[in-house]
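Place chain Z on chain A using the hints.
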Amino acid sequence: MRFIAVLRHRLRSLFFRGKVERELDEELQYHLDREIQQAAAAGAAPEDARYAALQSIKDIEQRKEECRDARGLNPIDNIAQDLRYAVRQLRKNPIFACTAILVLALGISAAATIFGFVEAALITPLPYWDQSRLVAVFESSPGYPRGWLSYQDFADWQRLNKVFGSIDAYALNGSFTLSTSSGAQQVPGTRVSAGFFRTLGVKPVLGRDFRPGEDSPAAARTVVLSYAGWQKRFGGKRDILGRSLTLNGYPTIVIGVLPKRFQFAPYGGAEFWATLRRTDACEQDRGCHNLITIARMKDGISIETASADMRSVAQQLQRQYPETNRDSGAANLVPLRDFIVGDVRPILLVLLSGAGALLLIACLNVTALLLARSHKRRREIAVRGAIGASLSRLFHQFAIEAFALAAAGCILGLLFGEWGIRLLTGLVPAGKMESMPYLRGLGLSPITIVFACCISLLASVVFAIIPIARTSMAPMLDGLKEGARGMAGTTWRRFGSSLVVVEIALAMVLMVSGGLLGRSLYQLLHVDVGFRPDQLAYFQTSWAPGKYETDQQMIVLERRITEDVGRLSGIVSVGATTAPPVDSAWGTASFHIVGKAHHKTNNEVINRQVSAGYFRTLQARLWKGRYFGPREDASKPLVAIVNRTLAKRYFPGEDPIGQQIYYDWAPSSPMEIIGIIEDVKEGSLEGANWPALYVPNDQRPVAWPAILVRTSSEHASLFSQVLAAIHRIDPFITVSGGETMSERIDQSPSAYFRRSAAWMVGVFAAAALLLGVVGLYGVVAYSVSQRTQEIGVRMAMGAQRSTVYRLILGEAGRLTAIGVILGLTGSLAATTMLRSILFGVRFWDPVTVIGVVVVLGLSTVFATFIPARRAASINPVEALRAE
Amino acid sequence: MLLSVTEVRQLSKPTELVQGTLDLLILKTIALEPMHGWAIAQRIHQISGDVLQVGQGALYPALHKLEQNGWIRSEWSISENNRRAKYYTLTRAGRKVMEQEAAQWERLSAAISLIVRTA
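Chains as they are written, first to last, in this note's numbering: chain A, 1 to 883; chain Z, 1 to 119.
What the hints contain is simulated information worked out from the structure, not anything from laboratory work.
Check the hints yourself; a few may be wrong.
Claimed, not checked - Ranges between beta-carbon positions, derived for each pair:
no., chain 1, residue 1, chain 2, residue 2, range
1, Z, S77, A, G388, 38 to 48 Å
2, Z, R92, A, L11, 13 to 23 Å
3, Z, R84, A, L458, 48 to 58 Å
4, Z, D50, A, A40, 11 to 21 Å
5, Z, I47, A, Q55, 20 to 30 Å
6, A, L83, Z, R92, 35 to 45 Å
7, Z, I47, A, I79, 36 to 46 Å
8, A, I79, Z, D50, 44 to 54 Å
9, Z, I47, A, D33, 15 to 25 Å
Claimed, not checked - As a list, the in silico EDC-like pairs of lysine to aspartate or glutamate whose alpha-carbon atoms are at most 20 Å apart:
no., chain 1, residue 1, chain 2, residue 2
10, A, K596, A, D664
11, A, K19, Z, E75
12, A, K64, Z, E75
13, A, K260, A, D239
14, A, K19, A, E61
15, A, K19, A, D82
Built from N, CA and C at the ideal position, the CB exists for glycine as well.
So that you can see chain A by itself, here it is in the shape it has in the complex:
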């Protein structure tokens, strides 16, 4: 009750000022009148009575002030007054105000933008139920810590484990053929085990989830749609449930639609989710690894306990199936979030550190500006002190000014940050966005805003402390003395210089980091891929099962496609393969060498079925032996080509040509090695080359070949021409792709992430360099203005202009040198953090470091030349007279 009364009273005092003031007047006037009345009644003359009464109430204004104080109004008045004063001060110095606010906004916006991404990728929970219990489970073997699982092994893991509430899998192939009356098209999607969505804790927004057992071969084929796929392909109509689609040639019933916010980054673009069937050849072969497994740990089970249990399961399977599960006696459990954001995390952390460094530089810069300003204002402060402003009142005002500055910087910074987030997410290509669905629709979030406000508050504390410390350290009256310098001035000048040194050091760290990332990107894009990537386009084909099943049908189809496409104008040659090079580290097989014991190391290698013209189309380099001949079909002896890495690893010190090898699953059909090619980059650009085995398509044909086309020039209408040529053969063959291999390399995840990081850090470094150089300019210019008389004296004593130049440039050079030395140390620390994303450069790359030092040196010389010239053009007579 009392609290409410008090609150009402205070609010009234605050918001009905006029009324409260009038009441105060009236109350005091009433008192005065009664005093006069009483005096008159006591017999005094009216004039005397009035005088006496007025005497008694003489300090009426002060009484009023005391009443106002009693009502607790003055602090609020003071704040409002200080705020007005602060804004007026800032407006009086528009250049200072704009610079400080812009610099601060720059720092805050960089930090807020990156923090927005960090929050989305690393902080916001994934839209799964209790995601901390979710893990991705891999088979682990020497050299392959994240191996995929075969269906048979997966089924055994599901049966034998004791630590998971549920364990489910999804398949690695990422599309279906959707046939309609008008033709066939490739649609993104994947196959999962029946409990997949229950394990994630995702419920369909429409219809139902897969029932247990719906992934058995006997069950009717069913499919769940993603929300986006439902909207895009079926107009979001609710009657989609129960409809039958033709997926991969089989009638499939739509049973549900996933929620809009559902996302699964490994298949971010998947629109069709069907079940595993355990029917195709791969899923019956324990050696065919095509599944990634996710599991939900039981409550109270730690990831270590779960790993130990899964290791014993893997070892049991290894003993039971020594042929297929050799070397697979371990399981690797990775928290699902780490699996999903694994690639992005180190880069985001690097960017966050970069943005943090930039923010720090911005704050240092503003601090230095405030320092110089508080020096200019010392007279004003001294005057205010002299006419009675208390120290605490002055501090109060500094604090308000700092707060106003920081608040303006914060608001502007958040506006820039919002814009920055939209700009950056807009720059992410659609294909990349699919693998990072957590970035979709990103904007300023409440946490980001709170984060920015906290930073600004912290900054405002620093900004307030500087003038407060300055005022309280030097006797205030010193400020009144004309031209007073003394110790305090020197101390603060040194402090300003050290701020600039730190700025230069940080700028150097950012520049070195940016330079190293840029060099890494360059190295990555110029990695020897083993073929000529320009003017080489690739197309992925697929078709529904049924029509091309036998080896002969597939061989004939592949030959027709390569011949027909090869006849198009402007096409030099055409080849077919299982998968295009670069970022296709899948499609593996294990092999044995005839007459040799099982090799000790892993015998799983990349396996490609390629057409006769494939290597010539790639312009791969033959190391030894020969390529496949045009008619090297099943009627001829079986042959194979290996890459150099395979030759070195499995045939150390001997010539592989002429040796016989066989697939583990086909021991009765050995192949003769007829050639060795220089490594073609099949896996990721940054990884080491894998051993690879190539067999002729004419002997072991591949379903759904990738077609590689070398053109004589860049070809705009290539895709439509190739599509038309293939559709003339069969309109139900779907074709996707059409990029050149150069584009594929350019857009590969490892290049893409490095490019983004290099650009971002580069922008940060440029901003840091600018701020550092401006800071240096400020300090040197200030020092010149302080030393005008000293320089005048020196010149009067006979110092040459060149000496003055040397004096000023020397000071700047000294600061820069200290900054560079600190920066070198800092860079060493920063680049150890970068190590995981650097490629092909030592993290102590002399070219980068020397380049950065040169750029930094030139910029600082440029920045200090202006004040140095001013110093050198000082007229000694005027300088001395100014004393």
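The following block gives chain Z in isolation, referenced to the frame of chain A:
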């Protein structure tokens, strides 16, 4: 101490001890009925046998402070001379404070009297 209450006219800011005493005098005075400021000063003057005279310089800040604390509340009403005057009333919280302060004062003054008489 009591003397300084009478001399508050000369003091722009009474000491804390005196202020506490003045607060008690005000609370006690309006405990009987709502009063305006001038009447409070008059009543204190009368009841103290013309010893205590509270100047308005101390009175009104004290009244505003008490109101701010929620111990008294004010309302405008017509006074005995037919003019609008601001009347102060004791709140329930104010009554509690008054009782505490009065007991405190009794103890203190008894102790002081004891010392003055015996020493």
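Taking 38 to 48 Å as the stated bounds, is the beta-carbon spacing between S77(Z) and G388(A) within them?
holds, 41 Å
Given the hint of 11 to 21 Å, is the C-beta distance from D50(Z) to A40(A) inside that range or not?
The hint (11 to 21 Å, Cβ to Cβ) holds, given that D50(Z) and A40(A) are roughly 20 Å apart.
Verify the proposed pairing of K260(A) with D239(A), using a straight-line Cα cut of 20 Å.
It holds: about 18 Å lies between the C-alpha atoms, which stays within 20 Å.
Could you say whether the range 44 to 54 Å given as a hint is met by the Cβ separation of I79(A) and D50(Z)?
Once the Cβ atoms are compared, 46 Å apart, the range 44 to 54 Å for D50(Z) and I79(A) holds.
Hinted pair, alpha-carbon criterion (20 Å max): K64(A), E75(Z). Please report holds or violated.
holds, 19 Å
So does I47(Z) sit 36 to 46 Å from I79(A), Cβ to Cβ?
holds, 43 Å
Is the distance from the Cβ of I47(Z) to the Cβ of D33(A) consistent with 15 to 25 Å?
holds, 23 Å
Given pair status - D664(A), K596(A), alpha carbons within 20 Å
holds, 13 Å
Between K19(A) and E75(Z), is the straight-line Cα distance small enough, at 20 Å or below?
Distance ~13 Å between K19(A) and E75(Z) Cα, so the pair holds.
Would you check the hint for K19(A) and E61(A), treating anything up to 20 Å between C-alpha atoms as holding?
holds, 17 Å
Range hint 48 to 58 Å (beta carbons of R84(Z) and L458(A)) holds or violated:
holds, 53 Å
Do the alpha carbons of K19(A) and D82(A) lie within 20 Å of each other, as the hint requires?
Not OK: K19(A) and D82(A) at ~24 Å, beyond 20 Å, violated.
Of the hints listed earlier, the one the structure fails to meet is number 15.
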